[in-house]
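K.L.:
Chains as they are written, first to last, in our numbering: chain A, 1 to 376; chain W, 1001 to 1739.
Keep in mind that the hints were calculated from the coordinates and are not lab data. Note that beta-carbon positions come from the ideal geometry of N, C-alpha and C, so glycine has one too. Treat the hints with care, as some may be off.
Said to hold, decoys possible - Label-pair ranges, simulated between beta-carbon atoms:
{"no.": "1", "chain 1": "W", "residue 1": "Glu1220", "chain 2": "A", "residue 2": "Ala63", "range": "30 to 36 angstroms"}
{"no.": "2", "chain 1": "W", "residue 1": "Val1632", "chain 2": "A", "residue 2": "Ala261", "range": "37 to 43 angstroms"}
{"no.": "3", "chain 1": "W", "residue 1": "Thr1210", "chain 2": "A", "residue 2": "Gly107", "range": "54 to 60 angstroms"}
{"no.": "4", "chain 1": "A", "residue 1": "Pro279", "chain 2": "W", "residue 2": "Ser1086", "range": "29 to 35 angstroms"}
{"no.": "5", "chain 1": "W", "residue 1": "Asp1052", "chain 2": "A", "residue 2": "Ala261", "range": "41 to 47 angstroms"}
{"no.": "6", "chain 1": "W", "residue 1": "Glu1220", "chain 2": "A", "residue 2": "Lys176", "range": "14 to 20 angstroms"}
{"no.": "7", "chain 1": "W", "residue 1": "Leu1097", "chain 2": "A", "residue 2": "Arg316", "range": "49 to 55 angstroms"}
{"no.": "8", "chain 1": "A", "residue 1": "Thr142", "chain 2": "W", "residue 2": "Glu1263", "range": "49 to 55 angstroms"}
{"no.": "9", "chain 1": "A", "residue 1": "Leu266", "chain 2": "W", "residue 2": "Gln1597", "range": "42 to 48 angstroms"}
{"no.": "10", "chain 1": "A", "residue 1": "Gly107", "chain 2": "W", "residue 2": "Glu1220", "range": "47 to 53 angstroms"}
{"no.": "11", "chain 1": "A", "residue 1": "Ala63", "chain 2": "W", "residue 2": "Pro1190", "range": "46 to 52 angstroms"}
Claimed, not checked - Only part of the chain A face toward chain W is listed, based on derived beta-carbon distances under 8 angstroms:
{"no.": "12", "residue": "Pro17"}
{"no.": "13", "residue": "Glu21"}
{"no.": "14", "residue": "Thr89"}
Read off the chains here:
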Amino acid sequence: MIRLLHTADLHLDAPFPALAEQETERRRDFLRTFERLVTLAIKSEVQLFLVAGDLFDTPQPSAATVGQVQAGLKRLVERGIRPVLLPGTHDAARIPNSIYRRETFPGCIVLTEPQVAEPLRLDLDGTQVYLYGFAYAGGTSTEALASMTRRSREGLHIGLLHGSRSGNPEWSLANKDLPFDLATVKGWNLDYLALGHYHGFELLEEDGRVLGCYPGTPEGKRFGENGPRYAALVTCDAGRTTVSKSVVHSRRLEERSVDLAGCPSLAAICQQIIALGAPELLLRLTLTGIVETPLVLERIREECRGHFFHLELIDRTQLFDSDLARRLASEETVRGLFVRNLRTQIELADDPRRAVLETALREALMRFGRYGSGAS
Amino acid sequence: MMLRSLELKHFGKFTDFSVDFRKGMNLVAGANEAGKSTLMEAIPAVLFGVRDKERFRPWGRQGDCVAAVVFEVGQHSVRIERDLLSDKVTLVESDDLYQTLYGFEGKVAPLGRSADRGEYLRQLQRLFGIAEEDLFRTSLFFGQGSLELLDQGGLAARIKAILSGFVEVDYDQVLQSLQDDYFLLTRENPWGKDKAKERALDEIRARLATLGERWQAAREGLQQHDLLTAEQRELEQALARDRSDHEKGVRYLDWVRRQWQLEEKEVGLKRDFDRVQRVSGQVGGLAAERQELQRELAKTGIPREFPDDLPYLLGDAEKIRRQLLAMQSDALPLRRALHALPRPPWQLAVLASILLLGGAGLFGWRFPDRIGGALLLGGMLTLTAWGIAIWRALQLHGIRTQLQEQLRGVELRREEAQDGLEELDQRFHQLGMSPSAVEIAKMQKNIERHRQLVIRLAEIESALGVLDQPSELVSEQRQLTRELVVVNERLEQERPLRPDLLALDELPEAEAKLAALGERIRAQEQQLFALTRRHAALQGELVDLQQIEDEGERLREEELRLAHRKEALAVAIDLLKATVESYRQSHIEQFSAEIGQHLAAMTHGRYTAMRLNDGFAIELAGRSERWHPLEVFSRGTIDAVYFAARLALTKHLAGGHLLPLLLDDPLVNFDKVRLAETLRLLERLSSEHQVILFSHSEQLHKRAARDRWHVIALDEARAAHPPPRNDERSDDGGQLYLL
Chain A
1 MIRLLHTADL HLDAPFPALA EQETERRRDF LRTFERLVTL AIKSEVQLFL
51 VAGDLFDTPQ PSAATVGQVQ AGLKRLVERG IRPVLLPGTH DAARIPNSIY
101 RRETFPGCIV LTEPQVAEPL RLDLDGTQVY LYGFAYAGGT STEALASMTR
151 RSREGLHIGL LHGSRSGNPE WSLANKDLPF DLATVKGWNL DYLALGHYHG
201 FELLEEDGRV LGCYPGTPEG KRFGENGPRY AALVTCDAGR TTVSKSVVHS
251 RRLEERSVDL AGCPSLAAIC QQIIALGAPE LLLRLTLTGI VETPLVLERI
301 REECRGHFFH LELIDRTQLF DSDLARRLAS EETVRGLFVR NLRTQIELAD
351 DPRRAVLETA LREALMRFGR YGSGAS
Chain W
1001 MMLRSLELKH FGKFTDFSVD FRKGMNLVAG ANEAGKSTLM EAIPAVLFGV
1051 RDKERFRPWG RQGDCVAAVV FEVGQHSVRI ERDLLSDKVT LVESDDLYQT
1101 LYGFEGKVAP LGRSADRGEY LRQLQRLFGI AEEDLFRTSL FFGQGSLELL
1151 DQGGLAARIK AILSGFVEVD YDQVLQSLQD DYFLLTRENP WGKDKAKERA
1201 LDEIRARLAT LGERWQAARE GLQQHDLLTA EQRELEQALA RDRSDHEKGV
1251 RYLDWVRRQW QLEEKEVGLK RDFDRVQRVS GQVGGLAAER QELQRELAKT
1301 GIPREFPDDL PYLLGDAEKI RRQLLAMQSD ALPLRRALHA LPRPPWQLAV
1351 LASILLLGGA GLFGWRFPDR IGGALLLGGM LTLTAWGIAI WRALQLHGIR
1401 TQLQEQLRGV ELRREEAQDG LEELDQRFHQ LGMSPSAVEI AKMQKNIERH
1451 RQLVIRLAEI ESALGVLDQP SELVSEQRQL TRELVVVNER LEQERPLRPD
1501 LLALDELPEA EAKLAALGER IRAQEQQLFA LTRRHAALQG ELVDLQQIED
1551 EGERLREEEL RLAHRKEALA VAIDLLKATV ESYRQSHIEQ FSAEIGQHLA
1601 AMTHGRYTAM RLNDGFAIEL AGRSERWHPL EVFSRGTIDA VYFAARLALT
1651 KHLAGGHLLP LLLDDPLVNF DKVRLAETLR LLERLSSEHQ VILFSHSEQL
1701 HKRAARDRWH VIALDEARAA HPPPRNDERS DDGGQLYLL
């Protein structure tokens, strides 16, 4: 029996242009999460520390990041934990000057071969462990995938794979690099397959038997990777593998929406938004409901500053049904007629068109507001 | 509709103030800073609230800041009260019997959305036709000097703005702003020529395009790289295969060649062996023959080499022998005769003596008496016997001696011959030959054969001398045998490996093939070298596809956002343009007619026809029925047109409500003539609209007094507390009051 910590898709050094001045801090979060993983591995007394690809977001991460990673891995090696690194799609090994070609990770196993010629044999406290894994180099991968097949009966056979499982919820959304399916995995007959590439946690099971697992990103990289993020703690025994999740993220990402109908003022709107706030939260908030005046998102953002680590606002509020619009619609003015016309169009429009018309109305009314309210 | 009264509590300078207005002309008179503007601003403040809560809060005072207005709308009276700090509003509509028809109480902030506010604004809309502060101000609010804008452009702009529903800008400006924002996004111009410079969206699209190219290039690079990798691997494998084939071929051909060499060697060895065998057979034959000859030669008894006189010696020996033989034959009868000579009869004499002496003894014994006689007789007889015997002996002796004599002579001769023979024998001995007679005879007989044999022997020996020595041959043969054994062994060993050994004549062809393979390997090596270099070069150019994809994703999101906004802006622009167009078509004429009506009323029918051109500039029809731009008309006419336009606007916007006009010293800079004309105009207007003038002008004050306007002297009003109630209220309809 062996114990291992399985993570993937850490995306260290990923850029976050949308976070502006928070970007550096966010990058630091990712490194903190890496450190947390290292600590978790030591605390959990695992024997292997598997990274199934995309440890770095780029094949050429910064020297500082690499230094920190090396230090973390060294810490593991010193405790007798073997780190196993697999290049992924972001930190592909085939790129010249790729980190895996340039740097060494002493004491670590880096699987950079394009195919599994022979599985790597390890003796972990008397248990024979065979490691399978190859660095995806693009193109057809049938041979490489076939090379993951278990070679012998004795010992524990553990695979690492950075690829796309058809049927995963992300299959239809993301790139289909290195596609494979559950039947293929089953055919390999490994004791555990450590997966990476897709960013959500997914346990691959069949008839109660664990085949493998996507641990997902340990730190949410972008919206959609919401809520708690995990690392997989795996106990691997012949014919019996168990996986438990452990929360490792530094900050949380959330996507929520809030109905602003009935908010009498900007302050009330901000209050409602701030109520959702948490200092470590990255929130994508969709504002809905009928509002009286077009929202000026910059002002809301300004008001809510400090209550969130990052707040992204999406304005889906409706103006066309607001009292303002109704009132304007009754005016015998150009804008009254404009609003009437627009309302008629909005009522007839299908959804995508309606969104455009809503924005058009918002844009126009914002200008009414901007110019109209300064008269007194 | 008219403003009946205004009440202020802790509002600006006013701690507790109330003022009533009348129908027709009202003048609020007061020195500068007396609070005229505050009073006037109090009206929209009550109706719509103020955003700046501190604006009307009295200095240093906490607590409420309340204002109320009372309007008369038809037969009803509407009282609206607002606490400006809390925006708490009460609206009460009652009939002339003070029965409450409608009551509203709630919080109505100047901005935002709430059910209360919605309800309240709906009520305003119902009562006054205007629920927008901006429109309120635009229509019935005449700020200080606002009539100064009465140049052609200003008026047109004003009308345009008001008709747009805006105050500070007209739809063109909004349109412009929309278009400005639109063209911040894109250079595409659906309404005209595209802009030259790229804008945000174009830039993003351009970046996306280059990114797409980069992605394409990167992917092609990667694909090419993968292809090259595969090609390289294939080539390496092929090369390895070819190399091993080549090596195997070389080894095989070597082996084949060796096999053939072995075969050749075997054949050669066999040939040598045969030759040696043949030679050794020859040699053996010759040696045997020689041996035979030698044996025969030995048989001849003649040494191989003999002196030349041997034949003579032999002849001599033969002669001597013959002599000896003759002598022998001579001696033989003699000897036989000698031999045949009987022996002296000594035995008989002895025997006869014994018998006679024995008989005489025996007789004597038996006849002892006669003994003497017997012995004498016996003695006598014995003596006789002996006498005969001696005779015989003598006779014989004589014969013998004779014979012996003869024999001695023969013997002598023989001895001589013997000596001669012995001499010869000596010679023979010296020659190593048996001197026996037989031998010699044989020799004599064989000498010819011997000669022949010797000749033959000499031949053989010379032949043998030419041929190898048997010992050499043997060792050679042994050597050859050994080698043959080795070769055979090797051949035998490899025989199973060569069931169909390449024929010797096919070897060159195979070698050529092998050489071609070698050539191919060299070519492949060069190819591989080139490939490896290209591969390395390509590898150096590889970029991270994933990064490009990520950036592309970001850009596409941004593009989507911008494109959405662009589309929305375009829609807004298009729709606004269309709206303006349709508005012009449906409203402007009606609006012009309205202005015309007012104008006719104000000018006593002097001017009735006017129109608005495309720029909302007003044109008037003069007496000649021709349209003239407004500038050509007199100041008074222009003012009249302006008022008419404002009134028409107000009415138009207020949905037919005749709202009071509030004028904050608009006439302050007018000259006498213009002032008089304007006032006349206002007085005429006041029959329909309540007019409330705010002014500090003494001149106006006097005029008000003269024309019996309703005058509120602000200083007095404030001084008098509570303000004086004017009792002329009931009968002041249609009148203008002056204070």
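K.L.:
Each of the hints needs a verdict: does it hold here or not?
P.N.:
Status of the hints after comparison with the structure:
1. W:Glu1220 with A:Ala63: 30 to 36 angstroms: holds (31 angstroms)
2. W:Val1632 with A:Ala261: 37 to 43 angstroms: Distance hint for W:Val1632, A:Ala261 is violated at roughly 55 angstroms.
3. W:Thr1210 with A:Gly107: 54 to 60 angstroms: 43 angstroms Cβ-Cβ, so the 54 to 60 angstroms window is violated.
4. A:Pro279 with W:Ser1086: 29 to 35 angstroms: holds (34 angstroms)
5. W:Asp1052 with A:Ala261: 41 to 47 angstroms: violated (27 angstroms)
6. W:Glu1220 with A:Lys176: 14 to 20 angstroms: Given about 19 angstroms between the Cβ atoms, the range holds.
7. W:Leu1097 with A:Arg316: 49 to 55 angstroms: Since W:Leu1097 and A:Arg316 have Cβ atoms about 51 angstroms apart, the given range 49 to 55 angstroms holds.
8. A:Thr142 with W:Glu1263: 49 to 55 angstroms: holds (52 angstroms)
9. A:Leu266 with W:Gln1597: 42 to 48 angstroms: With Cβ atoms ~44 angstroms apart, the hint holds.
10. A:Gly107 with W:Glu1220: 47 to 53 angstroms: violated (38 angstroms)
11. A:Ala63 with W:Pro1190: 46 to 52 angstroms: Given about 50 angstroms between the Cβ atoms, the range holds.
12. Pro17: At about 7 angstroms, which falls below the 8 angstroms cut-off, the nearest Cβ of chain W leaves the hint on A:Pro17 intact, so it holds.
13. Glu21: Status violated, d = 18 angstroms.
14. Thr89: Since the shortest Cβ distance to chain W is 5 angstroms, the answer is holds.
Violated hints, in rising order: 2, 3, 5, 10 and 13; the structure is consistent with all others.
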